[in-house]
Structures are given as structure tokens and as C-alpha cells.
Amino acid sequence: MQFKKFLLLGILCSVFSATFSQNKSATITGKVLDEDGIALPGAIVKLQEKAITLTTDADGAFTLKNLIAGNYQLNVSSVGMLPQQKQVTVKEGSTVNVKFVLKANVQNLQSVKVYGRTASQEVNRQAFAVTAIDAKKLYNTTLDISGALDRVSGVRVRESGGVGSNFNLSLNGFSGNNIKYFIDGIPMDNFGSSFQINNIPVNIAERIEVYKGVVPMWLGSDALGGAINIVTGDRYRNYVDASYSYGSFNTHRSVVNAAVTSKGGLTVQLNAFQNYSDNNYKVQVEASDINTGAYSPKATIRRFHDTYHNEALIVNAGVVDKSFADKLLLGITLGQNYKEIQTGARMVSVFGGWHRRGNTIMPSLKYKKDNLVKGLNVTLNANYNLGTEQNIDTMNVRFDWYGNSIPNGTSGERSRTLYKYKNNNGLVTAMANYKISERQSLALSNVFSTFAREGSDAANPSNNNLERPNKTNKNVLGLGYNYDVKDVWSVTVFGKHYLQNTSVKGGPTATTSKVGYGTAVSYFVKPNLQLKSSYEHTNRLPDAIEFFGDLENQEGNLDLKPQASDNFNIGIMYDFALNDNHHFSVTGNGALRHAKDFIYTRLNNNQSKFIADNRDGVSTWGADAELRYSYKNWLNAGATVTYQYLRNLQKYEIDQTTGKYYTSVSLLYLNQMPNIPFLFGNVDASATLRDLGQKGNSFTVGTNLLYVHDFWLYWPAYGTSKGKYGIPLQIALDANAVYSFHNGRYNLGLEVKNITDALMYDNFSLQKPSRGFYLNFRYFINKQ
Amino acid sequence: MKTTFSKAIAAVAITATLASCSKDDGPKNPGNFILAVTPAASTGVADYLVTAGSLDTGKVSIIGNGLEQDGTYRYYLTTNNKFYSMLYGQGNPGAVTAYSIQQGSLVKLTNFQTETVQAFAPVNNDILLTKVPRSIGADSTVYTYYQVNTSTNTIGKRGTLDALAPANNGEIAHFSWLQQVGNKVFAPFFPIKNNSFDSDFHDQAWIAVYSYPDMKLEKTIKDDRTSFIGRYFVNGLGVVENGDVYAFSSSVSTTSDLVGDKNVKRFTDTKPSAITRIKAGSTEFDKSYYFDFEAKSGNYYITNWLYIGGGKFVAHIQPKAKKGAYTAGSELAIVDVNAQSVTKVTGLPKLEDISGLTTNNYTPKDGRTAYIGVNLANTKCYVYKIDASTATATQGVEVIGGKITAVQHLD
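As they're listed, the protein sequences go chains A and B.
For the first sequence, the working numbering begins at 1 and goes up steadily by one.
For the second sequence, the working numbering begins at 1001 and goes up steadily by one.
Keep in mind that a hint or two might mislead.
[What the hints assert, rightly or not] Taking lysine to any residue and the SDA-like style, the derived pairs with C-alpha atoms no more than 25 Å apart in a straight line are:
#1 A/K263 x A/V319
#2 B/K1219 x B/N1194
#3 B/K1108 x A/G723
#4 A/K724 x B/Q1103
#5 B/K1157 x A/S405
#6 B/K1322 x A/I654
#7 A/K596 x A/Y652
#8 A/K327 x A/V256
#9 B/K1108 x B/Q1118
#10 B/K1193 x A/N396
#11 A/K632 x A/A687
#12 B/K1262 x A/S456
#13 A/K99 x A/G42
#14 A/K651 x B/L1376
#15 B/K1157 x A/E286
#16 B/K1380 x A/T663
#17 B/K1296 x B/G1311
#18 A/K724 x B/T1110
#19 A/K526 x A/T53
[Stated by the list, open to error] Some chain A residues close to chain B (C-beta under 10 Å, calculated; not the full set):
#20 I290
#21 N291
#22 P297
#23 R346
#24 P407
#25 N605
#26 L668
#27 G719
#28 K724
If you're looking for bench data, these hints aren't it; they were derived computationally from the structure.
Glycine included, every Cβ here is placed at the ideal spot set by N, Cα and C.
Using the sequences and the hints given, assemble the complete structure.
Put into C-alpha cells, the structure is as follows:
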């Protein structure tokens, strides 16, 4: 309805301009959209008769001015879409508006993970080493963001358990907090435990951008190993997208995304989601009888204290498309979570009562205005998390894996506590981009974040004296220059300044100031062959959790030093077709890194928790590759492989007794870093039957195989291999089937994860879920 | 791209090949001596166990050799010709692994779970383990004890004991260690009132005396000539051939005071480090025996000792000026409790080159010999053979890859 009105208005306008225009030349304006009505930026528009080629802007629009009246043929193409031609006749002094609705080139589109297609195309064509996941293709699955990321080459998501468990993502040999997470370009550091990449459903995203290595200026922050940017997009002005899934281990997930936008530009956007799981999957452990102490080796037992649930609601309201703002939104994120803690950092420590609660109350402001003055785009985001977290350990017992317990003194299961605290984290990001000319632009960004943990412990009131407010403030300022010859080559140079203040009450404030710089170049050899290269000298400042701990299984380390790293990346992207039936795309990335004060995670003393620590030096070289293949419009297959070799460059170890360096060269110098997967990959295939049962219905079956090579838990050089602790080779097979009907309005999906019920390990040999079945129902409707 | 990719494949192949052929599975130095070695670069990881045929010569390495153990801190005990490796895991349950030696190789006999314990000792055919609380409970404050049968290697009996009873002053009696004396268990202790190990009671030696195996607290014996006996995780008692018990005090009791908003530790002892005696069969300190260690040694104090027979101990000593509550002595002395003499051992590396001395060591109890691990600041580590008759040390086997934490022997 509304859309028709707009269209009518547009037509009226064109008529007016045609009638009253005094200009003798003719103009063609147009818009290129996909079948869902989403604008296609970067689509190529060719005016056959005049050999003019241009690309559509961010809104999918184009304008051809100063034309002589006559007949023209317009050819429009976009990667991943079928090209289209239209004949246009323009009269002298008139403007003609043309709309192109491109159909997806289905051979490429139906893959489980779409690589550099459609809306993700522009992202992939940046000079940075980047992969964009088209999240829309995963909406009918039960994946969360981290599950989607696990299928990207170079990425390993290491989760410590089932739904809601802690995770650690590694990207080209960097892991943990070396990688920063963003949502629409806003750092997620302070979003609280209710809102993390492993509990946000994939449906919230339009696409997920994975930057390997150099992170573009506009993302700001101090990411070192890479960045994940979740783009929620403003997909539709009016829509409802709701899904619910139920599966093994009593897992329920629901997601509702909706937006309404009035003619006057008032908009309300809503995202709501919920996850619940008992996580009572089977694990194989060396379980001991709590009374005799006798072990049953390889006992298969269900987890019994691992329930997790979280609920979140994000509401943004404001105005769009006003003279003073393209977007001005005030929002609030409300979330809460409950998490039972089954194990410590190792599965030998079992808990049966210890749990955590947390909530997120986070007001936010988002402002965006393009062409504030001509060529100047500005963005401002701010948020502050008022949420509270609580750690509850009050049972004075010790549990075994069978769920039995015995009294164990007076100090709780791990450490008796009712500690309730606020992290008081706030964030302000500002970004300005000025287009000097068609090819040159300058970008200035600043990210400021603050963290001040304060709390009290009702179980240890006398300990309040020891409870120290922990503060850290961080500011990252960056300036970049970009020169871009569209579709030929581009270069970016940038510099950054990092500043951090950290203090513990009663102690001095430690200030760190660092400088970083880098460059990224990309070159199109042919339209379908792109080469990329980037270098940066970068710094990563320890974050609040690494300094102060998470009060769960991560111990704080106040002595942590910032990591400095020189990173060099090269990449290639090549698409080709053998004939109309066989389409291929190949992507390869190589990375070399040399890190000083490399921050990595190890087990603490006693192995009860993890702790972030520095190694004096670590070098990494790695390569990842991806091959995708499609046959006609029904079969899709792909494979990724990643190899990364991290080598210890710390030449002298520190004597733990004296705290001084040993004077002779360490026997681990140049040894491979332990407990880091170094060879992994996955293979996937899917087939789609179209118009099954009824026109517009489709049925897709797919499978995904994950492979992770075995690796040692501790340093490879030490000890005989017999009896040495390691994480064994892992192979996990998943399968899914999705039936979509009523043109995608209703979708029914069935997933089986870990079909072979293989033992899957991760972070420090913690076990991941056994075989599970999940049923997913999704309803989607949109109104323009 | 092609080269990168083939490089990757080549690297994978090479790694796989290396992984498959660089390690062989038998010990490189078979023998009946066991050395526990803490790797130089592995914070948070337990010792590797290597065997050696001799402690007098040769080299043993943990690079590509030795048995990897799980956990971080491990303590070792040899009894009933079995080698027990006990995992101490604050917050994690403890575990015990028992080994024997067959054809010069360690053979894992069994593995069982316990609590993380603070003191353990062989008693009769058992190992007695005790877990000591660190905070005073509202209702009760108890020790948990386990009696592990070393024939069956299972927990035979467990129970709890009142942890406030031995000191009888409102504070927890934190056992420094346990020692079988006759048919009883002597548990020297230091009182604590919180988990910072603060106390209002100082300048006193205490030993709780328990019956065995029923673990009844028979009495607490006291002596106000010295501070507490032993130290955290250190056995301050030594039983000589005639059944007399000697006890040392390091004189290192501490407490903390609130200064501003910080707790500051301070020493509270006023009495010298000294050795006292309990005569065989008695459960009272022998008031006629007092060995002022500080005076006899020229202002040193004892941090640990090993009884080698014939009334002689090899003691770890430290100048009083460098006193610390947990500092381990970097020098050795032969202490003769009969002659009340202290003789510093010569022949060790220069003091400034020593990173630390091993505190869990081996003696054949011949009244003359001890093998002590010496860890140097340059990462080199050796076992030194101590000859008590001449008070000299001779360099023995070199240990490569980490620090020696225990030197043990099985038949």
C-alpha cells in the first residue's frame, strides 16, 4: 500500500520534472534491486550505445546525465545475479526512471555459506582480507553467530560446551580478545553476558563480515588479529521475521525480528530472542566415585548442572531520512541470563550448585548523517551498560560426575560467594568520512570505552575490604586515507593511537600509549580476479576481563602487557565457470605475523581457571583456502582448509622461582605453540529441489563435515608421546533439510548435529555436545 | 597462491612426519631412580617423570622423554615400594596416581580421586591425607582425612575431625605436616584465623597427637621455647633410629595488620630458629634438650630437612637476614642432633648461580649419603651427591629441560 503511494509520488515527480525541465539533455535514473527488494550496490550498469559503464551507489541507484534523446539499451549485471537488459527511450529534456529487479543466479546462491555474493559482494571486494557470510541463507537453521563463523576458512570457534557456554574464536592464528566483535560497527565489548556472539541467533544479522588481519579504519578499536562485524542492516521498512526451534537436550530457541516505519520517517525496530537448554548431553569422562575415589575410566555420563537460558529484547525507536539525520535512533537493550556451571577449566572439577545470573540494561544512541556538508558523512554511537552480574556459590559440598555430593568444609564448591557486581561499561564511537574527490577520501575515527567493576559479596562481608574496584579506560584514535579507482585498484594508509589507563583501587594508575600504522592494497587483474595485500603494525591492549577476570573460569592478570604485532596478508579471489553448468570460486589467503608480547590463554596454576598471559614473541604463518562449486541450479559444494603454524619465539624462559630470565636459550625456542588447533577444515554440500509440490516451494538438503587435526594440550617438545595429553582428531558430521513454502513465508527445518555421536573436544579438552536433533519453524513476512 | 598452498601442504606433511617419527615410546634412561622435573617454560603444567639408572653420572632430558602428568602442582611420596604422585589442585579435586618400576620403566598402577590435601604421610600400610580448612565456619570447622590403603590403592576410611580442637584458642590448627611416631600420628601445626594465614598466637610450638587408625585427638603438646614446628607443606619432625623425635622451628610465623586499606604482613616471632626433642615413647617435649640453631650456625635458620640416619640431617638453610615465610633455603648444612653441630656443605655451585634446591630428596639412610637436586639460574640442573662425613657435595646426573622437584627411588 505505502509502497504504491511512494511509487505514485515518484512517477508524479518525474512527470513534473519532465514537464517543467528547461534542460535540453535527457537523463536516465534507476535503481537495481534483488528479488527481495534489497538494493544492490556496486552493480554494473552499461549503456550499450555510448560505452558508458558505471556502478550503482550504496542504495543501488544510478544516474546517467547529459544524454541525447533517443533509444538506449541498458545492461545491468551484478555478481551472483543474472544479468538483465532493458530498452529505454528518452525524450529531450526529460528524465526516465528505470527499475531493475535482478534474479539471483541460483547456482551461486543456494550454498549454505555464500561467499562473496549479492550484498556481501562489496565487502569481499575491499582491500582488506575479508569474508562475508550472507546470514540470510542461514535463517532457517538453528545456528547462532558463532556457529555460522565456524564454517569460514581460517576461523575456529572453540566452545567449552553447549548453549551459552564460553567460547574462544581463533582467526588465522590469533584468538580470544585479539579479535574484536562489532555489531553494525559498534564494539560489543561491553554488551554483557546476555548478548554475545554465541547466544545471538543468526537471524539478527543480514550478513557477518570476517576481517582477517588488518581491520578497516571505520571499525576503529584495537583489534589485532581481525574483526567480526555483524551487520543487522535496515533490511525492510516493515517486516516480521519469527522463528522457533526445539531440539535435543530440551533446547528451545525463539527469535522475533520486526520493524515498522511510518511515512513520516518514524521507525521502531524490535529484536527479541530467547535461548533455553538443559545442555544435558552425554560426555565421556574419567568419573570417580565420590566415596572410594575409584575412577571409572571412560564412563559415559550426562551433564547434570548445565542449564542455560537467556532472554533479550532490543528496541530502537527514532527517525530515518530526515534533513538533520539519515538515522537517529534511541534504543535500549534489555537482557537477562542464567547459567549453571558444570565444570571448571578442566573436566576433572565438577560443580552441581554453582551458577551465575546476569542482566543487561543498556541504553544506546545511534546517529548517522551522510553529506552533513557535501562529502562528509558522520556516525556517532554511544551506549552504557547498567547491567548487574552475580556469582552464586553457596553449597559447601563437592560433587562427582554422577551428581552425588559430600560435605566439603565451609568454602563453597569452589569459593563460597554471592558476589554481585556491575561492570559499568560505557562506549562512545565517533566516525567521520570525508570524500575529497571521486577517488580520494579521509576517515577519522575514535573509540572510547570505559570499565569500572564494583560490587559486594554478601557471603563474605568482611572481604569487602579486599574487594577492589577495578577500572580501565581505553581510547583508540585513527586516521586513514583511501584512494580508490573503482573496480581497478585501491589503496588505504592509516595510523592509529592507543591509550589505556588501568587502576585497581589503592594502586597506581598504569598508562599505556602506543602507535600503530598500516596499509592495504587491492588490485583487480580481471573483473573476476582480485589480488589483495595488507600490512600493519598494530597493538592490542588487554581488555578488562583479561585484567580483572570474569569471576567464572577466567582469572585476571594485572601484569598483562599490550601485544604488538606486525601482520602481513595476501589474498586472491577468483571466480570462473567451465561452462553454463559448472561454476567455481576460489579464495586463498596467506598470513605472516610477528607478535611481541603475544597474548594467549593458558591454564592457571592449579588448572582451575584460564588466564591470559604474554609470550615474549610468537611468529605465525598460515594459509587458508576455499573452493566452491555449483552445478546447474541445484547442487552446491564447497571445502575450506586452514593451516596455521604458531611458533614460540621466546628465547629465554623466566625462572618461576626468581622471576628472572634464565641465561641459556630455552629448549622450547621455535617449538610449536601448544593447545592451538593448526590444521582444520570443512566440506559441505547441498541440493535444492525447486517448486516441489507447488510453485514457489523449495526443498533443500545439506550436510557439513568438520575436521580438526589432533593437537597437544601442553608443549609438543616435552615427554614421550605415549601417555601425552592431547586433543584427538575430531570429525563432526551435521545434516539438515529445509522445506520452504508460500514463497519463503513459511519454513520448516530439521537438523541433526554430530550425526555419528563423535566425541568433540575443545578449549583445553572440554567436551562439546553429543548427537542432537533440532526442529526449526520460521515465519517471514515483509511489506515495503 | 599455488606456492602458498603447496607450502601449506608441504608443511602439513613435514609436521605429520615429524610427529610420527621424532618420538619413541620407551624411557631413554631406564632405571630405578625417579626424577620429577618441572618444565622450564610451562606455567600451570605438572612435572614430567623421568627414570635414571644412576644419580652419580650421565644426563636425562624431558625433551621427547618422560611421562607427562596432568595438573599443576604435584607432590610425591614413596612408600611400600610404590611411588605416589599427588595432585594438589586448589578448587579442583585432588588425584593420586601410583606407580611401580618394572624393567627400569614407570608403570602406572592406579589412579584415584581425593580432595586437594594439605598434609600427607605414610602411616603403617596406609597413606594418611588431610585437608585443612582455611576459614572458620559458622557451625563447624573440620579437617577431612583419608586413609589410603597402599596394598589396594583405594580409600579405606575417611572422616572429619574438629579443626579448632587442637589449638583450643578459637583458631584453626593448620597442620604443617604429619609424621607417624610409634603407633600415633604427630601433627605439628600453626594456628590461623583466616585464609591469609594470620594469627593472634605466636612464639609457641604445638603438636596434635592422634591415635591411628581411629584418629582420636589424644592431646596437644606445647613448647614455648620455639615458634611452630615445620612450615606450610614442610615436615618439621624427624624420627631417629632409637625412636626419639626431633623437631625444628624456622621461626617464621606472621600475621597482617591493616595499614590504610591494605593488609600488610609482618613477622611476629621473637625466638630463634631451633631444634627440640620428644623422647621415644613420650608425648611431651624434652625440656633438657634445646639446640639453638641460629647461634650454632652463625645466624642461619632451617627451612627444611632430610633425615639420612645416624642422627644426621641434611638441612636447607638460609641466612636469617633473608627470612621469608615460604622462602626455601639455598644452602645446605649437615646437622648432627647428637653433637648439636652445624656444618655447611661445600662443593655446591656458587650461591648466586643457584635458583633453588629441591626439597623432596632421596637418601639411602646410611648416615652418610643424600641426593639433592640443584637448579641453577642458567636452566642447568643437577643432582648433587652429599657426603655427610666430609660435608661435601659432588655434581651428579644432569637434568635437561626443567627443574628437579623430586628425587626418589624404588626397588
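Hint check results:
1. A/K263 x A/V319: holds, 11 Å
2. B/K1219 x B/N1194: holds, 24 Å
3. B/K1108 x A/G723: holds, 10 Å
4. A/K724 x B/Q1103: holds, 21 Å
5. B/K1157 x A/S405: At roughly 17 Å apart (the allowed maximum being 25 Å), A/S405 and B/K1157 satisfy the hint.
6. B/K1322 x A/I654: holds, 22 Å
7. A/K596 x A/Y652: With a Cα-Cα distance of about 14 Å, the restraint between A/K596 and A/Y652 holds, given a limit of 25 Å.
8. A/K327 x A/V256: holds, 22 Å
9. B/K1108 x B/Q1118: holds, 24 Å
10. B/K1193 x A/N396: holds, 19 Å
11. A/K632 x A/A687: Holds, at about 10 Å.
12. B/K1262 x A/S456: Within the cut-off at roughly 17 Å; holds.
13. A/K99 x A/G42: Roughly 15 Å separates the two Cα atoms, so the pair holds.
14. A/K651 x B/L1376: holds, 17 Å
15. B/K1157 x A/E286: holds, 22 Å
16. B/K1380 x A/T663: holds, 10 Å
17. B/K1296 x B/G1311: Since the Cα atoms of B/K1296 and B/G1311 sit roughly 17 Å apart, the hinted pair holds (cutoff 25 Å).
18. A/K724 x B/T1110: holds, 17 Å
19. A/K526 x A/T53: Within the cut-off at roughly 15 Å; holds.
20. I290: Nearest chain B Cβ about 8 Å off; hint holds.
21. N291: holds, 8 Å
22. P297: For A/P297, the interface hint holds, since the closest Cβ of chain B sits about 8 Å away, which is under 10 Å.
23. R346: Holds, about 7 Å.
24. P407: holds, 8 Å
25. N605: holds, 5 Å
26. L668: This interface hint holds because 5 Å falls under the 10 Å limit.
27. G719: holds, 4 Å
28. K724: holds, 5 Å
The structure shown violates none of the earlier numbered hints.
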